[in-house]
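J.: Numbering (this note's numbering), first residue to last: 11 to 708.
Source of the hints: derived by calculation from the structure; they are not laboratory data.
Beta carbons: idealized from backbone N, C-alpha and C, even for Gly.
Since no wrong hints were added, every one of them can be taken at face value.
Lysine-lysine pairs mimicking DSSO-like chemistry, simulated, CA-CA at most 30 Å apart:
#1 K461 - K449
#2 K485 - K690
#3 K414 - K461
#4 K414 - K449
DEER-style ranges, computed between Cβ atoms:
#5 A483 - G434: 18 to 24 Å
#6 L683 - S579: 22 to 28 Å
#7 G674 - W454: 46 to 52 Å
#8 A474 - A402: 28 to 34 Å
#9 D384 - D458: 26 to 32 Å
#10 I528 - D624: 53 to 59 Å
#11 I452 - A474: 28 to 34 Å
#12 Q671 - Q473: 22 to 28 Å
#13 R168 - G75: 41 to 47 Å
#14 K532 - N554: 36 to 42 Å
#15 G674 - Q524: 51 to 57 Å
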Amino acid sequence: MSEFNYAAPASWSYGFALLAFAAFAVQLALGWRGGARATVLLAAMGLSAVWAGAGLAYARTAAHGMWLLCHGLDLARMAALCAFLMLLLYGGRTGKRAVRRAAMSGTALLVALVAVAAVLPSQPPGLPTLGSSAQRLGYVALLGISIYGLVLIEQLLRNAPEASRWALKPLCLGLGGAFVYNLFMYVDAVLFSQLDVAVWSAHAAAQALVVPFLALAAVRNKDWTIDIHMSRRVVFHSTALLGSGLYLLAAAGVGYYVRYFGGTWGSTLQIALLFGALLVLATLFCSGTLRSRLKVYVNKNFFSYRYDYREEWLRFTRVLGAEDRGSLQERVVRALADLVESPAGALWLRDEQGRYRQSARWNMSAVHEAEPEDGSLVRFLAERRWVVDVEACRGNPESYPGLKLPQWLASMSSAWLIVPLLVGEELSGFVVLATPRAKLDINWEVRDLLKTAAHQAASYLGQAQATEALLEARKFDAFNRMSAFVVHDLKNLVAQLNLLVRNADRHRDNPAFQDDMIETVKHVESRMNALLAQLRAGATPVENRRSVDLGGVVTRVQRAKGADERRLSVNIENALSVLAHEDRLEHVIGHLVQNALDATEPDGHVRVRVYGGDDAAVVEVQDNGVGMSPEFVRDRLFRPFQSTKPNGMGIGAYESAQYIQSIGGRIEVDSALNRGTCIKVLLPRHAAAISVPMSRAA
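Throw the hints in and build the complete structure from the sequences for me.
T.: Given below as C-alpha cells:
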C-alpha cells in the first residue's frame, strides 16, 4: 500500500467514468443485433466500466491488489478497442491476401505488446520505478499499444470511402483522443520513471469524455458495416509509420538503459544517442533505395499482384502529360522508369534514314552510335516484341535466340531492360532502362505492364510526330502561298519589261521614253531585290546531272564572297569531279560558306578545304564562330523553318541537306557553342574523275 494524496479527485474522476461507460454499455446491450464488431465494442465498453470501478476502489482504499486489477483491466480495454478498430479495418475482407496478411501482422503485434505489458510488473502512481528496468519496459509496451491504436485510426479514416467518413469521424475523434491521452500519460511515465498521480487521476475523466463521440458514431453506424478499400499507398505509408514508431521506441528504450547504467555520462550519452537515432531515421526517409525496397516488400508480402494498376496508370499518364518536366521524349523515359523503380534510362527513335538514334536520356550517358534497321537488336524487337533482360541475355544468350547485343549496349554496365515501342506492327523505337534501386524480379506481370505502358508511350510519340509533321506541312503551305504571290509579281515585272522591248524599236530615240525606261528598270530592280529578300532558296533543278569540277565550284563561291571583310581561305588539295547540277551545288556550298561568315566575328576566319576521302569527294567548311549546341544540330539544324538568325527563314540548311541526299551524298556537322563549326559535304566521286594533287590555296 502506498500513500495516495489525490484520493478525492481520483474518486470523482473514476466515478464519473464508471457512470458514463456503464450507461453507454447498457445502451449498446439493449440495441445489440449481433455481429463481431458490435460484440467487441460492447465488450470494450463493459471492460471500461469495470476498469473505472476498479480505479474508484483503488482511489478509496489505495490497496495494491486493487491497483493490479485496475492496471490489468486498463490493458484489456485498450486491447479490446484496438481489436474493434481492426475489425472495422479488416473484418469481412479477410479473403483477400493483402487484408489477411495485414490483419495477421497487426494481431501478432498487438498480442506481443499486450503480453509484454501484462507480464511485467507495474507500480501504482506516485512511486518511482528507477530501480526496475522491467517496469519501465512495461510502460514502453503500453506506449506501443497507444501508438498502434493511433495507426489503426489513421488507416481506418484514410481507407474509408468518402461516403463512410461522415459516420466514422466521431469514432476516430473519440478514440483518437483516448489514445492520445494514453500516449501522453505513458510518455510522461517513461520520461520521469514514475506514473504521475495527477495525470493518472484525470485519466478516467478524459476517457469518459469520449463516450458522447462513441455514442454518436454508434447512431450513425447501426450495423458497423463499412466498405474499406486497402490501397497500396496507404499500406506503404502505414508500414513506414509503424516501423518508424517501433524504431523510436527501441531507440528510447536503449537511451534510457544507457542513462541508467552510464553513471555521470548517462544523460549526455542518452541525448547523443537519441539525436543520432533521429538523424539516422531522417536519412532513411530521404533514401530512394530504402523506399524502393520497402515498396517491393509490401507488394510481395501483402498483395497478390505486384502493382496497383489504377495508381500506376494514373501516375504514368500524369508524367507523360507533365509538360514542365522536360520534352515528351524525356517524359516517356521517366514514366517507364518509374514503373520499375529505375533511376535512369534513354530513348532511341527511328530517324528519316531508318536508323535508330538516341533522342532523349535521363541520368544516363550519351550514346552517339546509331542502330541500323537491319541490326540484330532492331530485328529481334520488331519480330519478337519482347522486353529484353540485358543481364539474362549476357548470362544465357540461348534465352534470346537470334539476338546479339550491339557493342555500345554490351559495354553499358548499367543497362538492365530494353523495352520496345510499337505503333501497330511497326517498331518506332525502344527504351533502355538502368538497374533499379532495389532488386526486382522480372516476371510476367512486370513484362506485361511495361509492354502496355510502352504501347501507350509509343502512341503519344506517334501523335506528337504526326502533329509536328502537320505543322511543317502547314508552314510549307504558307510558304507555297507566299511563292504564288512572288510568281504573280514576277509575271507583272516581266510584262513591264516585255512592253519596253516591244516599244524600244519605235521610241528608242525619244528622251521621254528613255526616262520611262530608266524608271521602269529601277522599279523592276527594286522589286526584284525585295522578292529575293523574301525568297532566298532557288527552284529545284529539272535538268540532268553532269560532271562538275568541285574545285571550280568552290573557286567561284570564293570569288562571289571576296568582298567580305573577313578573310576566306580556300585549299583545293585534289581536282575532283562529281555528278551534280552545277548551279545548284554552287548554291549549296555558297549557302554553307555564307552561314559560316555570318556566324564568325570580323576578326575570325572561315576555311574551305576540298579533298578526297574514302570513295567520296569532300568539301569541308570550318569556322571559329559562335557554334551550335548538340541539341540544335540533332533536332533543328536540318529541319525546315528552324534558324538561329533573327531574320532567317530556316529553309537553306533544310534544302541543302535534301539536295545533297538526293544526289547520293550526306552532310556531317561537328559543332560546339563558342568553339566553332566544321561542316563536311561528302559526295560520291564521278567515275571519270581524275584525282590530281594540287596546291592551290588562297
